[in-house]
Structures are given as structure tokens and as C-alpha cells.
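Going down the list, the protein sequences come from chains A and B. Numbered per the working numbering, the first sequence spans residues 1 to 479. Numbered per the working numbering, the second sequence spans residues 1 to 479.
It is worth saying that the hints were derived from the structure and are not from the lab. Some clues are possibly wrong.
[What the hints assert, rightly or not] The list that follows gives simulated cross-link-like pairs (lysine to any residue, SDA-like), each with its CA atoms no further than 20 Å apart:
(1) A:Lys353 / A:Tyr419
(2) A:Lys374 / B:Glu77
(3) B:Lys133 / A:Tyr419
[Claimed, not checked] Covered stretches of chain A, as calculated for chain B (at least 3 residues, CB under 8 Å):
(4) 23-37
(5) 200-209
(6) 224-238
(7) 307-320
(8) 361-369
Keep in mind it's a predicted model, so treat the numbers as computed, not measured. Beta carbons are placed, not taken as given, at the ideal position from N, Cα and C, and that holds for glycine.
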Amino acid sequence: MKATEIVEKVSSGEVSARSIAENYIETINESESDVNAFNLVTAEQALMDADEIDSKIASGETLGPLAGVPISIKDNLCTRGVETTCSSKILEGWKPPYNATVIEKLKEAGAIIIGKTNLDEFAMGSSTENSAFGPTRNPHNLELVPGGSSGGSAAAVAAGFSPLALGSDTGGSIRQPAALCGVVGVKPTYGRVSRYGLVAFASSLDQVGPFANTVSDAALTLEVISGHDPRDSTSIPEKPLEISGFLNQGIEGMRIGVIEELSGKGLEGISPDVSSKVEEAIKVFSNAGATVESASVPASIYGLSAYYVIAPAEASSNLARYDGIRFGPRVEASTTAETMTATRTKGFGDEVKRRIMLGTYALSAGYYDAYYGKSQRVRTLIMNDFAKAYEKFDILISPTAPTTAFPLGDKTADPMQMYLQDVCTIPSNLAGHPAMSVPFGFGEDGMPIGIQILAPAMAEREMFQAAKVLESESGNGIE
Amino acid sequence: MALNSLEMNDWETVIGLEVHAELATKTKMFSSALNSFGGEPNCNTDPVSLGLPGSLPVLNEKAVELAIRVGLALNCEVQKSVFARKNYFYPDMPKAYQISQFDLPINKEGWLELPDGRRIGIERAHLEEDTGKITHVGGGGRIHEASYSLIDYNRSGVPLIEIVGAPDLRGPDDAREYVSELRSILVAIGASDGKMEEGSLRVDCNVSVRRSETEELGTRCEIKNINSLRSLGRAIEYEAKRQIEIIESGQEIEQQTRHWDEAEGRTHKLRSKEEAFDYRYFPEPDLVPVEPSEEWVKEIADSLPSLPRDRRHLLAEAIEVEPSETSLIVQRDLDTFALQAISFNADKNRVLVHLENNLADGIGELTPEAFASLTVMEMNGELTATQAKTVLADLVELGGDPQEVAKSHGFESMDNSELEEVVDRIISENSDDWLSFINGDETERKKKSGFFVGLIMKETSGQADGKIVNQILSAKAKN
């Protein structure tokens with residue numbers, strides 16, 4: 001069921017919030033052992049929260065915009081008193097004493113948190129195979145990955161475990177799994193959604209965003225979680241977004257650019273299925289009255305390289321606090337330094353260690369300017385190139401990922417192949433711009449394909465309008 | 001040590017100080033936890049000051065204001081500044097990085113004027129957060145032998161200003177004067193309580209030596225753990241001698257960080273330059289640059305009280321002496337009182353003398369008017385210096401009018417004829433001594449002069465004016 005329908009039915013008393021929750025829990029019980037979308041299912045608490053919604057309805061209280069809608073939460077968002085692990089052994093058992101701002105906002109809106117979803121450890125990965133608690137599988141084909149790092153959240157929505165989910169997107173971690181699982185995934189403008197309570201991977205790139213089956217559900221969720229938060233200094237001082245009322249305005253006259261460096265022949269390793277879907281999408285947009293032309297963001301080809309310096313650099317610092325001193329498991333050794341080393345050696349997985357080493361090196365005396373400094377300059381170039389492109393276009397499009405979902409274990413031996421999964425999504429993180437993935441049919445392998453819609457900073461509304469047009473022609477989703 | 005003071009004279013000690021002062025804010029630098037000294041361990045903490053995953057810093061505006069006050073008081077340029085992360089592992093650092101400022105400090109390039117008028121360069125005064133405090137239990141409090149350690153994070157996140165002075169100081173006295181002047185300024189502008197004993201003012205000291213008359217700076221060592229002005233002087237003296245001995249024995253100074261041991265009265269090597277941390281500074285992505293508006297800076301500048309230097313100059317001008325001579329009075333906060341007394345036509349010289357020598361414990365009930373008339377009485381010969389001191393003590397204790405107080409003590413000036421009679425009588429009673437006074441050599445004359453003055457003062461119960469007695473004696477000796 002769509003979230004918007006649930007809200008309607010629960011609010012009108014047609015269906016109880018409890019029965020909605022029970023239905024989803026039943027689905028989880030049926031298939032979670034196959035999918036492994038969750039690190040923790042909070043069924044009991046969810047039912048209690050649903051009862052509270054029902055009693056509010058009984059007493060005629062006003063309900064929030066997500067009243068009675070179950071939602072899955074990526075396990076790198078702090079939930080008070082509920083284990084938050086980042087799918088890492090180093091945080092196993094840690095229960096935050098506070099809620100992330102987005103969690104507070106969801107609760108206030110009446111959403112029912114149904115569980116904490118699996119991810120690549122500390123959001124580092126593109127397949128959810130880097131989880132300390134085992135990989136999540138793609139609900140469309142259990143032999144394949146769901147993408148990542150928010151693979152658990154994408155899979156939860158695709159498997160019908162919850163109509164909504166939250167993820168975080170540092171280089172594509174919402175959009176790529178959304179594409180691979182055939183759901184809608186949105187990375188908002190940097191600063192649009194509070195990062196307070198999101199366990200940091202790369203602070204200047206991280207952004208929380210929604211997963212949903214439909215564009216309108218994603219819009220509703222984003223409206224709820226957006227808005228200024230005084231506890232996050234990088235939060236934009238703006239009111240929450242208003243998108244839902246503008247969703248069906250169409251794209252007549254909209255100027256749409258197809259990023260040549262990230263589409264078709266411009267993109268190395270792009271599958272023919274994905275390429276032809278981009279062509280199809282162009283036709284949909286043209287038919288809807290938009291002008292579609294080729295666009296160029298030349299510096300975007302350096303995005304991946306710059307990202308793999310900046311993100312690990314920030315991560316090396318953000319992850320330094322996991323030393324076994326104040327929280328998480330501790331491996332005792334004879335000195336403080338040895339205790340810290342032993343704790344980190346045992347607690348972190350290989351990919352996390354690889355990125356900590358990369359980042360530490362990039363920030364070291366004598367190397368800083370050649371790596372971190374240069375990458376920041378590339379980041380500026382990418383922003384400039386986007387700015388130039390947006391002089392001519394209202395929105396841009398590209399594939400979300402170069403391929404459909406791949407088999408488990410296919411890319412784990414070669415980090416570079418895995419990193420290439422994010423080549424289309426990374427430029428938006430570096431620029432701080434919003435971007436989303438909309439499911440747009442399937443490849444010959446029967447696996448979903450996503451189209452990425454990119455917009456200038458703060459232009460979420462136009463981005464969603466285009467997404468809505470694409471969705472209505474896709475035959476996908478559960479309209 | 002083997003060096004004598006003559007050998008020391010061939011050398012010059014060059015000192016640059018780094019002073020950390022805790023800023024007197026109500027709450028911490030990046031969160032709403034209280035900034036207060038004492039209290040149960042870990043009572044003033046929150047997710048931010050404990051560095052919990054997902055927590056984010058939010059800059060305390062008051063800390064910025066106080067930092068700007070410090071900058072303006074030290075004649076610095078206040079500029080757009082950027083926070084940076086200083087990365088290193090230590091259990092008292094909850095995030096394993098300290099938020100500090102690196103290449104763009106809030107205040108740069110100022111100066112501080114010592115009481116003698118010399119200007120000492122200030123290279124920068126930047127904001128940073130304090131760390132927690134570790135207590136090593138067992139093994140005499142040293143980390144290596146300790147059986148366990150306790151950490152108190154109450155201090156973690158307390159705002160600090162680090163004031164980096166230029167290597168313009170030339171010896172222990174200079175260093176002590178610099179720190180006391182700096183402390184007076186910080187207290188005067190309300191930026192810090194300046195308590196070295198509570199650790200709210202901490203001094204790290206860079207010391208190098210060079211042959212007198214040379215320009216090139218020697219290799220420096222940084223001394224840590226200096227907890228009082230006295231240790232500062234001792235540490236510098238020790239360190240300078242140590243370095244001179246090394247150079248004189250034909251060896252070279254190794255750049256080191258050294259630890260001052262108060263009990264042993266010596267410094268110990270902590271680490272060499274090679275073992276120094278690579279802090280991997282990079283811009284703090286969780287905070288935005290601080291850009292104080294010109295109006296705000298001006299507003300702060302206008303609200304600054306009169307600084308010790310200005311007060312010294314003002315008083316010096318009023319008394320017509322060098323500013324250095326008014327330093328003690330300003331330190332005792334008696335300059336306003338002095339200026340008031342002068343406005344009531346007090347004798348300037350007597351004001352200086354009394355405030356420096358006789359009013360060290362404060363002015364009590366003494367009013368500027370009474371003080372002024374006291375000095376006038378002295379100048380008119382109505383009171384001797386000794387009598388004035390007695391009257392002053394009474395005025396401080398009880399207040400009142402100096403004329404009446406003098407009268408109550410029976411201090412009425414003798415008339416000269418009366419005094420001459422006494423002198424004649426004493427001379428005739430001691431004719432042998434009188435002859436040796438008249439005919440003796442310089443030494444003898446001085447001795448006898450003292451003898452006669454003593455007798456006369458005794459005879460007049462101290463009411464005679466010593467100066468006039470001397471005049472009468474000299475006159476009689478010539479006749």
C-alpha cells in the first residue's frame with residue numbers, strides 16, 4: 001500500500017494503525033530470513049506506537065502527516081535506547097542516549113519505526129556486503145546484491161517490509177540501491193535535512209533521504225524530515241519543503257539536459273540495457289513537453305577520484321573516536337595505545353580499514369596539498385561546471401548506476417570495480433545538489449533500472465515534478 | 001650547574017609563550033553543557049562533549065565574542081576564520097580530534113605592551129576546545145605505572161583562546177611580566193578568570209638561547225606543565241642554562257618538547273621533533289566559517305573597558321612620571337582613586353608614594369578628598385612623613401578628616417623657634433659630639449648627624465620634621 005493511502009485510511013478510521021503494522025510485520029516474518037534487510041526488527045515497539053496512534057484517533061486528536069505509516073531506518077541513524085551499530089562490530093550493543101533529529105521529526109509526524117536496516121559498515125560500500133552482520137540480498141533476485149550502502153533500506157521497501165525507509169547518501173548510497181532494487185530514492189540538497197544523529201562517514205557529503213515505492217510517498221517523507229535544525233550548523237535556514245501540492249504540474253517547457261559524460265558512450269562500463277533506458281526516458285520527457293538536449297559537466301569525470309580522497313579523509317577523522325574508551329566493545333591490552341589499536345583492529349572490517357588508511361595518508365604532512373587540497377579544487381571545478389550546465393538546463397538526467405544488480409561476491413575482490421558503481425551519483429554529493437533515482441523498467445535480466453534526475457541546489461520541487469512524469473510512464477511501482 | 005653568571009652574560013635567552021585561557025562562557029564551546037569548574041566528574045557532559053556518534057558541534061556565539069574581545073585588546077586584526085580538526089589519539093580527546101583553528105585564526109598579528117613600554121608581538125589568538133582530564137590511579141600518578149585511569153569530561157569542550165606570542169621576550173622576568181600583563185587584560189575585559197591554579201590559564205614556553213649580539217634564533221625547546229608564574233621563571237632559567245651548557249660543550253640543541261618537574265626543579269624530555277604528532281589538520285566540515293560583521297566587531301570594540309596599558313599611560317600623564325612607575329597602582333586597581341585625588345589637588349608625588357608603599361592592602365574608608373588634603377598637609381609641613389603614615393592608617397580604617405585625625409594624635413607641627421630651642425639644648429648637652437660633627441670627615445659627620453636627629457626626634461616625640469632638623473643643624477654648624 002502507498003504511504004499516502006495508509007495515512008488516509010488510518011486517519012479516517014477505516015483501518016487501524018495496529019493492523020497496518022501487523023501486516024508489515026507478518027511480511028517481515030515471512031521473508032526477512034531470505035533478504036536480511038534488518039539488523040534489528042522493533043516489532044513490539046512498533047505495535048505499541050501503532051496502538052498509540054489508534055488511541056489518538058479514538059480521542060479525536062490531530063494526527064501527523066505520516067500517521068500510522070511503518071518506516072525502516074538505516075542503522076547509522078541514532079535511535080534513543082535502540083541499538084545503533086552502523087553494521088560494525090565496533091558499535092555492537094551501543095544504544096544512543098538520544099534520537100537523531102530526523103527520528104524526532106518522523107515520530108512527531110506519526111510514523112511507526114519498524115526496524116533498523118543493514119548497511120555496508122559505516123556506509124562504506126555499494127553492495128551491503130561490507131556489513132559485519134552478513135549481506136542483504138536483492139528481493140528481486142536473492143542471488144544478487146541490493147546495492148549499497150543503504151541496501152537494507154532499499155530492500156526493505158522493495159520486499160514490502162515497510163512502505164518507507166530512510167537511508168543516507170554520501171556518494172550514491174541511497175540512489176544506487178534504490179535503482180538496483182526498483183524503488184524511489186532521494187538525496188536532498190546538502191543541508192536540507194539535519195545530520196544531527198546521523199553517524200558521520202564523510203561530513204561534507206553525507207545527507208539523509210527517503211526511500212519509497214512512489215514519487216509522492218518519497219515527497220511526503222522528505223517534507224517531514226526536511227527543515228532547519230539548530231543542532232546542525234550546516235543545516236540550511238529554510239522551512240520544511242513543500243512538494244506534494246506541486247507534484248502533478250508537469251514539465252511543459254522544462255529544459256532537460258542529458259549529462260553526456262555520465263550516459264551512453266560517455267560512460268565506460270555502462271550496460272546496453274541501461275543505455276537504452278536512458279534513451280527511453282528522453283522520449284518520455286520530450287513527449288511530456290520538455291526540451292531535451294545533451295549537456296556537458298566536463299569535470300564530473302574526475303568526481304570518483306576526488307571523492308575517494310575527500311570521503312576517506314573525512315572518514316579517517318570521523319571514525320577516530322571508535323577507540324574502545326567510552327562506548328562499544330573494548331579489547332583490553334597492556335597500554336592505552338595498544339588497547340585502542342587492538343579494539344580498532346578487531347572492530348573494523350577491511351573496507352573501513354582501507355578507507356581509514358587512504359584518508360590518513362591523504363591528510364598527512366607533505367601530502368595534504370597534493371591529495372586533499374587538489375581534490376577540493378576538483379570539487380570546485382565540478383560545482384562550476386554544474387553551474388554552467390544549469391544556465392542552460394532546469395534539470396539534468398543520467399543513469400543512476402552503470403549496470404543492474406550484480407551477483408553477491410562479484411566485485412568484492414576488486415574495490416575499484418565496486419567504486420565504479422557510484423560514478424554517476426558522486427558528482428551530486430561533491431556539488432551538494434539534490435538528485436534522485438526513479439525506477440524505470442527492467443533490463444533483460446529482469447532486474448530494475450533507475451534513472452537519475454539531478455537538480456540545482458534547493459530545486460527539489462522541479463526534480464520531483466520530472467520524477468513524477470517518468471514514474472507515470474514507467475509502468476513500475478504500485479501506482 | 002657549572003656556569004657562573006659571567007659566562008651567562010655572553011648569552012641571550014629568547015622566549016615565546018603560548019598561553020591557553022579558558023573563556024568565561026556559561027556553556028561549552030559547541031554544546032549547551034555547562035562550562036563550570038569543580039563539580040562531580042562527568043556531570044557537565046552531553047553527546048557533543050562526549051563525542052558520541054552522530055553528535056554535531058554548534059558554535060557558542062559568546063565564545064566568539066570573547067575571542068574577539070581578546071583580539072581587540074591585544075591589538076590584533078579580527079578576520080574571517082575557519083575551524084580545523086587537529087587529529088590525534090588520546091583518551092582525554094573524546095572525538096580523537098580537537099576542533100581548533102589552523103591557517104585562518106580569528107585574531108592575527110597584534111601586540112601587548114609591557115609596563116616598561118616594550119611591545120611584545122602577538123602572532124595569533126585563536127579559538128579551540130579544551131580536552132577532558134585524566135587521573136592516573138596507582139603508580140604515583142604516572143601513566144606508565146598506573147593500575148587504571150579515570151577520565152573526567154567536564155572540561156571537554158570548554159572554550160579556550162590560545163594566544164601565541166612572538167619570540168620577543170628575553171628572560172624569566174620578561175616572561176613573568178608578559179603573563180601577568182596578559183592575565184590583567186583577560187580579567188579586565190571579562191574574557192577569563194585567569195586563574196593559573198585552577199588551570200584556566202596555562203602557559204607553554206618556547207625557549208632558545210643565542211650568543212649576545214647575534215640575530216639568528218637558536219633551536220628551541222617547548223616546555224610544558226608550567227603551573228605558576230614562579231615555575232615559569234624557574235623553568236626558563238633551568239632550560240636556558242641547560243641549553244648553554246650543551247652548546248658550550250660543542251654539541252647541538254635537539255628540538256624537543258620537555259616537561260617541567262616542579263619538585264625536581266628541572267625539565268625532562270617528552271619527545272623530539274621526529275616523534276612529534278602529525279595532526280593532519282583539515283577544515284572542520286561540521287562547522288561553517290566564522291565571519292563577524294564589521295558592525296559587530298565595532299560594537300565589541302566600543303564595549304571594551306579601559307585596558308591596563310591605557311590606564312598606566314593616563315595615570316602617568318597625570319602624575320608626570322613614566323608609565324612603568326604607575327604599573328603597581330594599576331595592578332592594584334587604585335588608578336581611578338589616584339586620579340580623583342589629583343583632581344582634588346593632591347600632591348602628585350605623595351600620591352604615588354602612598355599608593356605604592358602605604359596602601360598595598362587597599363584604601364578602606366579613605367576618600368579621595370581626605371587623601372588629597374593629607375598630601376597637602378604633608379607638603380605644607382603640617383605633618384611629617386611618619387605622622388602622615390599614621391594618619392593615613394587611621395583614615396583607611398575609620399575614615400574621617402585628616403586635620404582632625406592629626407589633631408587627635410597631637411600631631412601639630414612645631415614652630416621653628418620652638419624647635420631651635422630644643423636643638424640648642426641638645427647641642428649644649430652633647431658638646432663633644434657636636435665638635436666631631438663640625439670637624440669630622442664625611443663619615444663622621446654623617447654618623448653624628450644621625451645621632452643628633454635621633455635625639456631631637458626623641459625629645460620632640462617625633463613631631464619635628466626631619467628635613468627641617470637637618471637644615472637647622474647644618475646652619476648652626478656653619479656659624
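Any hints this thing doesn't respect? Which numbers, in order? 2, 3 and 4
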